[in-house]
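J.: For this one, chain A is given, so just place chain B on it according to the hints.
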Amino acid sequence: MTDSTVQHNEDKRDVTFRVHRFNPQVDSKPYHDDYTIKIEKGITVLRALNYIKEHVDPSLTLRAFCQAGICGSCAMRINNMSKLACTTQVWDELDKAREPGVIKVDPLRNLPLIKDLVVEMDPLVGKMEHYSNWIDSKMPEEQWGKKEFLVSEEEFVKYDKATDCILCASCVSECTILRANREYVSPAVLLKSYRMNVDTRDASHDLRLAELVKDHGVWDCTHCYRCQESCVKHIPIMDAIHGIREDAIERRGVKDTSGARHAEAFMDDIARKGKLVEATLPIRTNGVGWTLKNLLPMAVKMVIKRRTPPPPPLVKASKGIEKFREEFREMSGHVAKDHEKKSGE
Amino acid sequence: MKLFDIVIVGGGGAGLYAAMEAMKTNPGLNIAVISKVYPNRSHTSAAQGGANAALANTAKDDSVELHIFDTIKGSDYLADQDAVEVLCSEAPKIIRELENMGTPWSRLDDRTIAQRPFGGAGRPRCCYCADKTGHTILQTLYEQCLRKGVQFFNEYFALDLALDGSRSKGLVAMNIKTGRIEPFHARTVVFATGGYAKMYWNRSSNAAGNTGDGQAIAYRAGIPLKDMEFVQFHPTGLRKSGLLVTEGARGEGGYLVNALGERFMSRYAPEKMELGPRDLVSRSLETEILEGRGFDSPAGKYLHLDLRHLGADLIKSRLPQIREMCMYFEGVDPIDDPIPVRPTAHYSMGGIDTDNFGRTVMDGVYAAGECGCVSVHGANRLGGNSLLDILVFGRIAGRAAAEEAGSFDPAPITEAEIAGKEQELRSYMKPSGHYERYGTLREELGQTLGQNVGIYREASKIEKGIEEIAALKERFTHVRVFDTSDIYNTNLIQVLELRNMLDLAETVAAGALAREESRGSHTRTDFPVRDDGNWHRHTTFTLEAGRPKLGFKPVTMGRYELQERTY
Chain A
0 MTDSTVQHNE
10 DKRDVTFRVH
20 RFNPQVDSKP
30 YHDDYTIKIE
40 KGITVLRALN
50 YIKEHVDPSL
60 TLRAFCQAGI
70 CGSCAMRINN
80 MSKLACTTQV
90 WDELDKAREP
100 GVIKVDPLRN
110 LPLIKDLVVE
120 MDPLVGKMEH
130 YSNWIDSKMP
140 EEQWGKKEFL
150 VSEEEFVKYD
160 KATDCILCAS
170 CVSECTILRA
180 NREYVSPAVL
190 LKSYRMNVDT
200 RDASHDLRLA
210 ELVKDHGVWD
220 CTHCYRCQES
230 CVKHIPIMDA
240 IHGIREDAIE
250 RRGVKDTSGA
260 RHAEAFMDDI
270 ARKGKLVEAT
280 LPIRTNGVGW
290 TLKNLLPMAV
300 KMVIKRRTPP
310 PPPLVKASKG
320 IEKFREEFRE
330 MSGHVAKDHE
340 KKSGE
Chain B
0 MKLFDIVIVG
10 GGGAGLYAAM
20 EAMKTNPGLN
30 IAVISKVYPN
40 RSHTSAAQGG
50 ANAALANTAK
60 DDSVELHIFD
70 TIKGSDYLAD
80 QDAVEVLCSE
90 APKIIRELEN
100 MGTPWSRLDD
110 RTIAQRPFGG
120 AGRPRCCYCA
130 DKTGHTILQT
140 LYEQCLRKGV
150 QFFNEYFALD
160 LALDGSRSKG
170 LVAMNIKTGR
180 IEPFHARTVV
190 FATGGYAKMY
200 WNRSSNAAGN
210 TGDGQAIAYR
220 AGIPLKDMEF
230 VQFHPTGLRK
240 SGLLVTEGAR
250 GEGGYLVNAL
260 GERFMSRYAP
270 EKMELGPRDL
280 VSRSLETEIL
290 EGRGFDSPAG
300 KYLHLDLRHL
310 GADLIKSRLP
320 QIREMCMYFE
330 GVDPIDDPIP
340 VRPTAHYSMG
350 GIDTDNFGRT
360 VMDGVYAAGE
370 CGCVSVHGAN
380 RLGGNSLLDI
390 LVFGRIAGRA
400 AAEEAGSFDP
410 APITEAEIAG
420 KEQELRSYMK
430 PSGHYERYGT
440 LREELGQTLG
450 QNVGIYREAS
460 KIEKGIEEIA
470 ALKERFTHVR
480 VFDTSDIYNT
490 NLIQVLELRN
500 MLDLAETVAA
510 GALAREESRG
520 SHTRTDFPVR
530 DDGNWHRHTT
540 FTLEAGRPKL
550 GFKPVTMGRY
560 ELQERTY
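Chains as they are written, first to last, in numbering that gives the first Met the number 0: chain A, 0 to 344; chain B, 0 to 566.
Isolated chain B (complex conformation):
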């Protein structure tokens, strides 16, 4: 029986940092990273803008304190203040560490790391490498993991935790290249599988694989999820594809303009204008569209992000990938024409409930990054804080797992457990009673979420969404995997991903219905005001009898009192 001290699920920024830190903490440990894609494909690569850290390179008067305050205010006071303190005080150290190991950064004249303004931040604090920051960070971490000899199991799809009484003894995963189901005996498991915002499907900026696999596995094993109703819509998705135009484009000075030619943000955030926090800017775009001030097209209503006044040189040097994307996917060169945009589901604030060390309620199981919920983002994440989150808490979880791996000897994962899994997967391939196509179900899931649990929510709509999700779950029992081969069966993988999204969609909708207030990204038109008396608390979701059971957790406060949130 092969036994790992740590199995990390997911090879994005959080997973790779966890692996590096675990090896550094104890080089004698046997550590594996399993990932359904080659780690360098992970969605960390799509983060364009940068990572916040109060280096005070660009603005000399920036400080960790200001970063903490901006983050807490940005979270609409739902973030745990002790966790935010960890995030922001570790930030300068971790950015310098990344720099020291070889990450490329854009530079200032004094040769220090360059920083740009970002939404909801009081100072230019976002460290960047042109508009490819996530890509260069991911590459560097992957390179460093190869240097250190981390064991990678690439193209393995995690199926479920294997339990030994009340704790985990590892997990079972499918080797995508062979179709074989393999046991991973592990003293500790770290989930770092990214977010779940792809459940909005065509109205999402996420990669096809951001299906919340880790969260769904944990949830099925009885581990609570937290704050699932908080899904951030990014204001500037491309009209046709939902792909993202970085907030950096507004950080560099881009304007948002409606069909009347107005810079409409003056109505909603007169001071910060385009650089208001994401939830507010997304709502502003949605309102402009709902009130008839958007542009019309067969691909839907939209607004303009205008960069033309920035000039060709700046666009080419600071936003080259964005320019390319606009040309590929919209046929628009931002040097000559405004970019057609509309809000798109982008980031999941919710995730697996963890403490400040990435620990879940189950012994030996950890979570980090977008997959986990510490929580540092509360009801709304600030731009530039997600890369920071995966780095800081990826490292912390890696260290905690290495220190706590100990000598626990898990019972073997039995042949019967493996055979049971095999049988379950094979059952999707049986023709009798299986006729639904996953593509249709997936599209309908995205539609119902977008319409009923989107930016503006109200009880009647959410209830409709819950019914429709339940109906989709029922139809899913008849879903058919048509590809019956063992080798590289992406038909099967996508069906399993859909199952994960359906499980999580129930929790998102349940949270949205329960939370009768408006806070951060969660806006109820029937409860338009923040209600601190009743709702200044986290929601939790535990699977009981096939349904999410709602629970609550207090928010950890610190030196910042609740205040009204204006920009």
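Isolated chain A (complex conformation):
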């Protein structure tokens, strides 16, 4: 290619934006409006929506600020995926449209709706506060400004990528746990918590971790990876979540919380049989009392519907379990060595 920058595609197309509308003052429920405008190649979804607002329907309501992908204001669901409108090309979305020539635009999910494409951000700020998403400096405030902490490049790299987060809440919107439980800590807050916890200048690591292992915390994630897939800054959010979990087990032990015990029970089953012994999993995770109190009614229903998992003695070890156990032992050896190395540093 000689010079791609001088190329200019005059291509123009009619594009329909099917935009979510809701004004709580007049509408009993949300609906969609279609706006069809002529668009040339190279235009972002935000510019198209701004054009509609300025020239077609000034009541269309959305947030936008920097228009350069750094402030995080204009996150919305475009063709059923949360992303920034300002960095999304209309042409790219046309390729993904379910209905030819129609781009669907909706507000973020998992946050209360205010109007059209605008959602309430306060719950996210509240969680940042709840999980102390700030550095609590090891240096007393009176001494600030005199000399730098010395931080190596390796230490910086641990949180470098995590500090790319612009709190656009795309991950919050795509999170499958939040859809079931809005009290869940949420991926962005886990990422920020991780960023604080690996910073050598911070003094509140243990306190933050103690909060993270409680209900609605780090153990509620089901590893669906939607947060990471939707991250507009391509941050490996799941690495951060796994990082917090490993840290929690290392510092607080496996007996500490139901999440850790659940993980341990999983590992035991896999090592012994190569599959799960589901019938006793709740007891091993949460104890007999909790299981009787919370799961007995469901167990009764399961018996009536003949949907109970097989009793433990009937769970036979998988084929080839011997070879697997060997590999498992080897793997565990590596992990143990890694840990030794880490604690020796």
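In case anyone wonders, no lab produced these hints; they're calculated from the structure.
Any given hint might turn out to be false.
[To be verified] No more than 16 Å apart at the CA atoms, straight line, and that leaves these computed lysine to aspartate or glutamate pairs for EDC-like:
1. 92(B) x 141(A)
2. 176(B) x 121(A)
3. 315(B) x 159(A)
4. 1(B) x 181(B)
5. 92(B) x 147(A)
6. 23(B) x 140(A)
7. 552(B) x 531(B)
8. 146(A) x 89(B)
9. 213(A) x 246(A)
10. 147(B) x 128(A)
11. 176(B) x 119(A)
12. 145(A) x 89(B)
13. 552(B) x 354(B)
14. 315(B) x 251(B)
15. 160(A) x 323(B)
16. 147(B) x 140(A)
17. 239(B) x 39(A)
18. 420(B) x 159(B)
19. 146(A) x 109(B)
20. 23(B) x 141(A)
21. 315(B) x 163(A)
22. 472(B) x 442(B)
23. 147(B) x 135(A)
24. 92(B) x 140(A)
[To be verified] Looking from chain B toward chain A, a few residues come up when the C-beta cut is under 10 Å (computed):
25. 47
26. 129
27. 139
28. 239
29. 243
30. 319
31. 487
[Claimed, not checked] Here are the simulated distance ranges between beta carbons:
32. 415(B) x 28(A): 35 to 41 Å
33. 402(B) x 223(A): 51 to 57 Å
34. 315(B) x 305(A): 54 to 60 Å
35. 462(B) x 28(A): 53 to 59 Å
36. 330(A) x 315(B): 31 to 37 Å
37. 91(A) x 551(B): 50 to 56 Å
38. 10(A) x 108(B): 47 to 53 Å
39. 177(B) x 129(A): 21 to 27 Å
40. 26(B) x 285(A): 41 to 47 Å
Ideal placement from N, C-alpha and C gives every residue a C-beta, glycine not left out.
T.: Relative to chain A, chain B alone:
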């Protein structure tokens, strides 16, 4: 009646630092930050390159003295030298303070904060975190404000100061989420609303909301503005969007190249080349384009910023956001292709006239950051000095407000005052006599400013600009807000922002016409030389009978005598 000791308007770097420092100075005070966006959205986040401080980590022979001299020379000797001394001597302390509270920084091998070369600086002095320095500083300040329990009123749009005789008793603001107009009784008000360069609209690198709200509110209340004609054009805006490619890209070694393949900066700044000061580099690009050595495209003429020789590794590690932006907005990967650029309105040196403590002429009203004008940047700001300015003077204004909040008891903001405001805003929604669309007016304002009050200026053009701005103001009286709802009415907000830009545009043009010389970012083709005899002074603008009344203020000199400015 709820009474605040301090109400800070704006939640960017200056506002947040002011809030933190005020709480530190006197934890007993009742402090509020009101902001039209969530603070972490503020435009501080867009500052990519870094903040200058003579830490002498990278160049051991750097010093505060050298930083002071570079800044004064960069300002074309219009900066007040005592203010520059405050800025530069506070710099190392404030960068270390930011570091101590948890801001991430790129590091050198000896584990100290890394520094890179920046335009107009004699040493590599710009402290950075990759190309996201403003973003990480803003995040850290917001986090620390949450830690300290600062009260935030997010998504509140400041409307006007409420006056008690000759002083302020607070302000009225609209809660964007409800549409309600609410009184904020305050002993002191600190304006930290950022710059006004978005008035150049499509020829601006600024966020949509950098509409000079604080300056316009102060101006309407009779507080003078200063040096408004000085608007900095950044040399390397992306061709299509005007979005910014950081000076750090040239700091890392990028070349500027014209259509003939020449590194044309050798003509204008043979010594510093691409790292000349911004005003000079912007003029150089504009001249290359005017003299026909630019590239042509339907989106306008442009030049190349070439990073290819830096290699993929460096581009990926030091300039990752820039690379992403080029791919999103221009479809160009700087690893493989040069970046199409042209100058874009970027920074406003002018602002609310303040002293070295952020005080304005009105008791109880302060300003800091790009919103204020101390002045430390004079006729041209150096790259890396804007983040520094908002931090240093944000902190100073916060401390001054906390110390001076005292026990003044403002009279209540009356129901009638609130009702009057409500009526005024509602009037934009009336169909009769209201038919103009704000989008059109806004675009035309940007166009006339770009053409007539842009990089190269001359009397006849500026006069044309003044006429056109006046005509736009007349048309604005017929502007219509079509969205009549209370909740989250962005149609109304954007109309109010346009009003602020129109008020300020008049002062920019008035200053540009009055100042018959060329200094820093202000270049008059009909007066191409700096005229120290007549114009080594600040301009001020006070609203009188609906028009800006021009005044003057002397420049505070110090140990640096006026010199010719060459690079």
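J.: None of the hints should be skipped; say for each whether it holds.
T.: Results of checking the hints against the structure:
1. Distance restraint check for residue 92(B) and residue 141(A): the Cα-Cα separation of roughly 13 Å lies within the 16 Å cut-off, and the hinted pair is therefore satisfied.
2. Note on residue 176(B) and residue 121(A): the hinted pairing holds, with a Cα-Cα distance of about 12 Å set against a maximum of 16 Å.
3. For the given pair, residue 315(B) sits about 13 Å from residue 159(A) by alpha-carbon distance, which is consistent with the 16 Å threshold.
4. Taken as a hint, the residue 1(B) and residue 181(B) pair is honoured in the structure, with Cα atoms around 11 Å apart against an allowance of 16 Å.
5. The straight-line distance between the Cα atoms of residue 92(B) and residue 147(A) is roughly 10 Å, inside the 16 Å bound, and the hint therefore holds.
6. Simply put, residue 23(B) and residue 140(A) have alpha-carbon atoms about 9 Å apart, close enough for the 16 Å limit, and the pair holds.
7. Distance restraint check for residue 552(B) and residue 531(B): the Cα-Cα separation of roughly 14 Å lies within the 16 Å cut-off, and the hinted pair is therefore satisfied.
8. Under the criterion of a C-alpha separation no larger than 16 Å, the hint pairing residue 146(A) with residue 89(B) is consistent with the structure, at around 13 Å.
9. Between residue 213(A) and residue 246(A) the CA atoms are separated by roughly 14 Å; this keeps the pair inside 16 Å, and the hint holds.
10. Under the criterion of a C-alpha separation no larger than 16 Å, the hint pairing residue 147(B) with residue 128(A) is consistent with the structure, at around 10 Å.
11. Of the pairs offered as hints, the one joining residue 176(B) and residue 119(A) holds, with about 9 Å between alpha carbons and a cut-off of 16 Å not exceeded.
12. In summary, the hint linking residue 145(A) to residue 89(B) is supported, as the alpha carbons are separated by about 11 Å, within the 16 Å threshold.
13. In summary, the hint linking residue 552(B) to residue 354(B) is supported, as the alpha carbons are separated by about 12 Å, within the 16 Å threshold.
14. With a C-alpha separation of about 12 Å, the suggested pair residue 315(B) and residue 251(B) falls inside the 16 Å cut-off, and the hint holds.
15. At most 16 Å may separate the alpha-carbon atoms for a hinted pair to count; residue 160(A) and residue 323(B) meet this at roughly 15 Å.
16. A distance of roughly 12 Å separates the Cα atoms of residue 147(B) and residue 140(A); the hinted pair therefore holds under the 16 Å criterion.
17. Taken as a hint, the residue 239(B) and residue 39(A) pair is honoured in the structure, with Cα atoms around 13 Å apart against an allowance of 16 Å.
18. A threshold of 16 Å between alpha carbons decides the hint, and for residue 420(B) with residue 159(B) the separation of about 9 Å falls inside it, so the pair holds.
19. At roughly 14 Å between alpha-carbon atoms, residue 146(A) and residue 109(B) fall within 16 Å of each other, so this suggested pair holds.
20. The suggested pairing of residue 23(B) with residue 141(A) holds, with an alpha-carbon distance near 10 Å, which does not exceed 16 Å.
21. The suggested pairing of residue 315(B) with residue 163(A) holds, with an alpha-carbon distance near 14 Å, which does not exceed 16 Å.
22. Pair hint residue 472(B) plus residue 442(B) holds up; C-alpha atoms about 13 Å apart against a cutoff of 16 Å.
23. The suggested pairing of residue 147(B) with residue 135(A) holds, with an alpha-carbon distance near 11 Å, which does not exceed 16 Å.
24. For a cut-off of 16 Å, the pair hint linking residue 92(B) to residue 140(A) stands: about 13 Å separates their Cα positions.
25. Taken as an interface hint, residue 47(B) checks out: its beta carbon lies about 8 Å from the nearest beta carbon of chain A, inside 10 Å.
26. Satisfaction of the interface hint for residue 129(B) is found here, the shortest Cβ-Cβ separation to chain A being roughly 7 Å, below the 10 Å cut-off.
27. Nearest Cβ of chain A to the Cβ of residue 139(B): about 7 Å, under the 10 Å cut. The hint holds.
28. Using the Cβ-Cβ criterion of 10 Å, the hint placing residue 239(B) at the interface with chain A is satisfied: the shortest such distance is roughly 7 Å.
29. Below 10 Å, beta-carbon pairs count as interface contacts, and residue 243(B) has one with chain A at about 7 Å; its hint therefore holds.
30. Annotation: interface hint on residue 319(B) holds; nearest CB of chain A at approximately 8 Å, less than 10 Å.
31. With 10 Å as the threshold, the beta carbon of residue 487(B) comes within range of chain A, its nearest partner Cβ sitting at about 4 Å, so the hint holds.
32. In this structure, residue 415(B) and residue 28(A) meet the distance hint of 35 to 41 Å, their C-beta atoms being roughly 39 Å apart.
33. Between residue 402(B) and residue 223(A) the beta carbons are some 53 Å apart, a value that agrees with the proposed interval 51 to 57 Å.
34. Restraint check, residue 315(B) to residue 305(A): a C-beta distance of roughly 58 Å satisfies the suggested window 54 to 60 Å.
35. For residue 462(B) and residue 28(A), the hinted distance range of 53 to 59 Å is satisfied, since their beta carbons lie about 56 Å from each other.
36. Between residue 330(A) and residue 315(B) the CB atoms are about 33 Å apart, so this pair conforms to the stated range of 31 to 37 Å.
37. Between residue 91(A) and residue 551(B), the C-beta spacing of about 54 Å keeps the proposed range 50 to 56 Å intact.
38. A hinted range of 47 to 53 Å for the beta carbons of residue 10(A) and residue 108(B) is consistent with their spacing of about 50 Å.
39. Hint check: residue 177(B) to residue 129(A), Cβ distance near 25 Å, so the stated range 21 to 27 Å holds.
40. As the Cβ distance of residue 26(B) to residue 285(A) is approximately 44 Å, the hint placing it in 41 to 47 Å holds.
The structure fails none of the hints (numbered hints given earlier).
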